[in-house]
Structures are given as C-alpha cells and as structure tokens.
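K.L.:
Chain by chain, the residues:
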Amino acid sequence: MNPAPGQTPLLDVHDLSVTFRMYDKTLRQHNLQVISELSVTVNQGEILAIAGSSGSGKSLLAHAVLGLLPANATVSGRMLYQGQELTPSRQEQLRGKEIALTPQAVTYLDPLLRVGDQVRGGNKTAAVTAQREAFQRYDLQSEIEAMFPFQLSGGMARRVLVSTAVLSGARLIIADEPTPGLGADIAQDMMNTFRELADSGKSVILITHDIELACAIADRVAIFYGGTTVEVAAAKDFTAGEAALRHPYSKALYRALPQNGFRPLAGFQPYAGNLPTGCLFTARCGLKTPECNKKIPLRELRGGSVRCVHAT
Amino acid sequence: MSKNALLHIGWTLLRLSSLLVAVSILAFGLVISSPIDPVDAYVGSESGVSQEQRQNVAAYWGLDKPPGERYFIWARNMLAGDMGTSITYRLPVSQVIAERFQTSLALMGTAWVLSGLLGFILGVVAGVYRGSVLDRGIKTFCLILSSTPAFWLGLLLLTLFAVRLEWFPIALAAPIGKLSGEVTLGERIHHLILPSLTLSITGVAAIALHTRQKLIDVMASDYMLFAYARGEKKWPAVRRHGIRNIMLPAITLQFASFSELFGGSVLAEQVFSYPGLGNAATLAGLRGDAPLLLGIALCSAVFVFTGNLLANIIYCLVDPQIREERSHG
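These protein sequences, in sequence, are chains A and B.
Everything in the first sequence is counted per UniProt numbering, starting at 1 for the first residue and increasing by one.
Everything in the second sequence is counted per UniProt numbering, starting at 1 for the first residue and increasing by one.
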C-alpha cells in the first residue's frame, strides 16, 4: 500500500544516525556509528517489514524510535510521528500508549513477576478481561497467566509478548523478531494478527530475518545493510523475482532464499567500527566502480527507493 | 508436611550437628593451645599462691586432666544439657550466655536492622542516580566505611558524641549505680545508640555497594527496557521490577552478615564496655575459660547457621525459580 498523495506518514524516520561513545582496550574514547543515514517511513494501516542480517541495526532502530537507547548513544537525524518531531519528552508520552514494542525474547519479561500481571501492566482490573481474550487468541492456556517467565517455552513467551502490544491499543506496533521459535501455524497466526491490526488502521513495523514470511503479509519491505537502508520495495517485488528488486544486496538476499537457488553471498557485512566511505556494500558488490566510494543518497526508483548508483 | 520437607529438615539438622561438633573441637583445640594458663588467670599471676593451692584450683576446675579427657567430659555433659561452669564468672555457662545474649541481641538486632535498611536505601538511590554527584558521594562514603575498622569508628563516635558533646553515655548498657529493675527502656535505648550505630556501619557499605551494582544491572536489563517501552516511568518501574530483583543479593548478604555482626560486636562491645556476649567472649579468651568460650562458640555457630538458613528460606519465597529448582531437586 503506497501512501496516498499528500498523506503524512505515521512515522517518518529521515537520515537517522546512531553513534555509541565507547572505550577501546587502551581506554581511549572513540565513537562507533551503528546506524547511518537510515530512512524509512511507515504509513497508517500498513505493515513495513524490516529485513537484514544480524547487526544491521534493526533492533536499534526500534529502540531509537522509542527513545530507549542507552545513555552513551547519540542520535542525529529526524524522526517524525504524525508529522511532529519525536522529542524525548514526546517519546516518553507515546511509549506504551501510541507506540508499542513487542520485544524478541523472554528476557524482556521480569523474571519475578507473574506473566498475567506483567501483560496487564499491573493495577488495572479492567484489563483482566482484555488480557484473557488476548491469551485465548494466541492459544495461551489460562494457567499461563499465573506462571513466571522462566516457566514459559520460547514460543509461549513470544505470544505473551505480542499480546502486550495488542493489549496496549497502540497505533504503531514495533514487533522485533516475533516469529523465531514458533511453529509454522502459530507464526502464521501471529502474522495474520498483524495483518488484521494493520487492516484495522494500525501500523506495524515488523523486524525479521524471515523475508519469506515478511513478504507474505507486509506491504513494503525495507532492506537494512550495515546500519542503513539500502532498499525499500513493495513486498510484491520480492515475490516477482530478482529483476523487480533494485539493490545488488536485495538481489543477493533473494538468490539466497532456498526456493530461489540457495546461493550464498561471499564476504561479510562490514563491522560497525570499520565502515567504508560511500556504499557500504562495495566490498561484496559485482557492480563496483570508483563512483561507489562517494556518498550515495537514497533515491526513488520504480515506486521504491534504493541507495545504489547502478540500480536501474 | 510433605516427605520432601521432612527430608530437608533432617538433612539441615544433620549438617548443623556436624558443624557444631567441628566447631567445638576446633575451639577447644585453640583454647588449650593458647599461651594463657587458666589457673594463672584465675588466681592472678602475682598473688602469692602456693603450688599446692594452685593444684587444688586446677583439680577443682578439672584442669589437671589431659586435654582429650577434658574434651570428652565436656562433650558428655554438653549432650546431657549441662554446658559447664564458667571459670570467669563462676556461674553456669548457660546462664551467662542467656543473660549476655539478651543484651547482645538488642545491640546486634538494632545494628542489623539499621545497616540493612540504611544500606539498601543508599544502594537503591545510588543505583538509580548512577553517575550523579549523589551516587559518587554514596560510593565514596561506603568505600571509606568499608575500610574503617569498627573499633576505631567506635572510638571516634565516643570522642565526639559522648565526651565532647555529652549526648550519649560513655559506656555500659545502663546507668551506673542503678538496680537492673529500675532501669527504664529509654535509658537502655540511650545506651544502645552509639554501640549499635558503630556496629551497623560496618554492614552498611557492603549492602549498599552490592545493592547499587545489582540495581545498575537491573536498570540495564531487557525487562527494564521493556517496562520503559510500555510507558512505565522511572521510579514506578524501579519499584515494580527493581526492588524485588535486587532484594535477593541484599537478603543473602544481610543474613550472611550474621557472622560479621557477631565478630563486630566483640569489638564494639569492648570499646563501649557493653556487657554483651562479645564482651564475655573477650574475657573468656583472656582467662582461658574453656567452658564459656566453647559455649559462646557453639552459640555463635548456631546463630550464623540460622542466619544462612533464613537467607535460603527467604530466597525461596522471593524467587520462584529457586523454589522450582528445590521442589524438583
């Protein structure tokens, strides 16, 4: 679903960079840039899937949007929510109410609090019914609400975490890898829930490794590499085939899928402290020219956007 | 009561009794190998007591028998419920310990509660405001405290509050020259303040520093991040997720500190001439009073054992994960 002309996106992240101030072995301070000039937009009622390998800055984007980066992180660039700047105080206001996070692992639950109590967020008795409904929906038995996080299986924990976001009534749900460890059916159910949420006017950012699953339900897919967006494409481009995609990395990802030949890409993602100037993908790219070493902007191409001078 | 629980209690008692046997043998070994001659200590080394009289004294206290025999006599009487007679006080050991323990308990109890509360509060504040001036202040204070000997601190407090300012009495547990029945609760508390403050301060630093570190870990944890992501504010989140999670190390430390409390009370009671168990232990040591020392050693072993046992029990109540492990293992 492309944005209707003139519609403000719900979330607009523009040229976001996140830098960590760190100390090396000799205790010298240095800066580690983990996200560079990252841009994505999320429209109302759509699912934006964010895909990319580990360490490409996917979870950090989620934390940056919520204003939950650690104190040694510096953020630059712009983040707009409903057209208004996301300042730290606004982030604090919106957290948990307008923008909800579905974290990845059971470690995000307090080990000493009963699950039901955590999902409800404490005090509210009115929330009990809503919590039970949500649990039922995700196939969680009623005993589970009296359990402690360590008693849950990985799949149960994920479903519990997802129900917290559903319960919050937030307009933007950021789901950080909600599916690993789930059975195919439940993963599919969960995806359907996200789709339903999106169809009811909410927006979902789906952070995932599973491109196939993401493409099946997402509207658009953003591909991250080395902490930046290299391509944003309609989900159908991924099903249409290699030619529909724009960036060489997306094409390589496509080729690496089992049904598309299972061909791995040589090399590895550059480490955050050691990023090349210009295109971050040059070291692994077959199209490399001297031009690639310059700063490369994200540009519109065939209804999507791409950060590559060679893309056509 | 389940079979499991009975088994657990039985095992605990077995451990306790083996501990007591070991402690008594060790303590006895240390007493007899000490250079202090109990007869000398009893009659006073400079009094003109004849050799014959000295032998009578030794025979009276049973000090003429070989050490092994003395230990077994003591152990047999002990099992029959007789802890022997204190050479120093010429009273049954059980009576001395009972009286002294009450006085010490008031002192140690106050110090224990004070150090626990104060340490925990300081630790939480420092942890929440990590890196701030407040945090650095508390940290420095704790580091200074933990490297300060209790007796020296006691002397400082005495000099300042008792001698210079005359706010508190210099020594003892009650005013001099009053019958014990006439001493009011207020007077007892007045006498208790300085020694218990001294004793508590040694425990504060450990609790505060550990609590601070644990809270820092908790504040950086995933579940704290998630609490924030769900719109919880800092202090409510600390109350809801922090306190419970940092209570475990604090509880362990606090109950494990029973031993330090006991050790500290020996010094603090000495400085303030506070007539507690610690004071009695010092005197018993100086007089080579084996029955009393053994009694006190056993008593303190039970005391410390109880502390650790309580820590385990409370641990189980607070942390469901440990509860689960226990019931399966």
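Be aware that one or more of the hints could be misleading.
What the hints assert, rightly or not - Looking from chain A toward chain B, a few residues come up when the C-beta cut is under 7 angstroms (computed):
id, residue
1, 66
2, 95
3, 97
4, 107
5, 148
6, 152
7, 273
8, 287
Just so you know, the hints here were simulated from the structure itself, not pulled from any lab data.
We put the CB at the ideal spot given by N, CA and C, even for glycine.
K.L.:
All hints, please: hold or fail.
P.N.:
To see whether the hints hold, each was checked on the structure:
1. Annotation: interface hint on residue 66 (chain A) holds; nearest CB of chain B at approximately 5 angstroms, less than 7 angstroms.
2. With 7 angstroms as the threshold, the beta carbon of residue 95 (chain A) comes within range of chain B, its nearest partner Cβ sitting at about 5 angstroms, so the hint holds.
3. Proximity of residue 97 (chain A) to chain B holds as hinted, the smallest CB-CB distance being about 6 angstroms (cut-off 7 angstroms).
4. With its C-beta approaching chain B no nearer than about 4 angstroms, residue 107 (chain A) sits inside the 7 angstroms limit, and its interface hint holds.
5. Checking residue 148 (chain A) against chain B: minimum C-beta separation of about 4 angstroms stays under 7 angstroms; hint holds.
6. For residue 152 (chain A), the shortest C-beta to C-beta distance to chain B is roughly 12 angstroms, which exceeds 7 angstroms, and the interface hint is violated.
7. With a least beta-carbon distance of about 22 angstroms to chain B, the hint placing residue 273 (chain A) at the interface is violated under the 7 angstroms criterion.
8. Annotation: interface hint on residue 287 (chain A) violated; nearest CB of chain B at approximately 40 angstroms, more than 7 angstroms.
Consistency with the previously given hints fails for numbers 6, 7 and 8, ordered from lowest to highest.
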